[in-house]
Each structure stands twice: as structure tokens, then as C-alpha cells.
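So the number in the working numbering is just where the residue sits in the sequence shown, counting from 1, plus 124.
Bear in mind the hints are in silico, worked out from the structure with no lab data behind them.
This list has only true hints and no planted wrong ones.
List of simulated lysine to aspartate or glutamate pairs, DMTMM-like, C-alpha gap at most 20 Å:
1) LYS193 x GLU178
2) LYS166 x ASP144
3) LYS193 x GLU127
4) LYS166 x GLU127
5) LYS166 x GLU178
Per label pair, the in silico range of CB-to-CB distance:
6) SER181 x GLU213: 36 to 42 Å
7) SER162 x ARG129: 22 to 28 Å
8) LYS214 x VAL157: 34 to 40 Å
For each residue, glycine too, the CB sits at the ideal point set by N, CA and C.
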Amino acid sequence: MIELRQVSKAFSGSTRYAVDRLTLAVPGGRTCVLIGPSGCGKTTTLRMINRLIEPTSGRILVEGEDVMKVDPVGLRVNWDSPDLQTEAEKLQAKVTAAA
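Let's have the full structure, built from the sequences with the hints guiding it.
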């Protein structure tokens, strides 16, 4: 599940919020589509979820965990991918062999 709780983003130098107190819950395994006009905060919202940018206020939770307390790279990688697991195992074997 992805939850946004009263999430806001104001960029420096701007008098307006790009995203203003957005609350949203997307259950795991579901698809969510953000639709709106140019400049309404769709891309900013997505960038905050995976911490490409950080919210000004509010909380974003992924599987119940606050994204501000998680390694940002981990938010952007599908660790459940069998291909990624295979590559990680190969890399680990190379590192172990080199040691």
C-alpha cells in the first residue's frame, strides 16, 4: 500500500504549493492513475513518493514505512524481481571470490 497523508510541496521562491495537503491511499497490487492539467502536481507527487524530491510537509508511507526513513535507492528498485535477484547473487559471488 502507498499512503500519502496531508502531503504538501512548495518549491523555494514560489508563493504557491505544487501539491497542497494531498491525502491518498493506493492498496497494494492496484493501479492508480493521476489525471489533471499541466502543472497540477502529478509529477511532483510521483517524485515525492520515491524521494527524487522531498515533501515540505506530511507523510508518505510505502507498506506502512515512512519513506523519509528508508534508503531512497531502495524505494526505486523492484527487489522482488527474479532477474535482479539473479544479478545480485552473481555480484555477490564475484565479490566473495575476489576476497
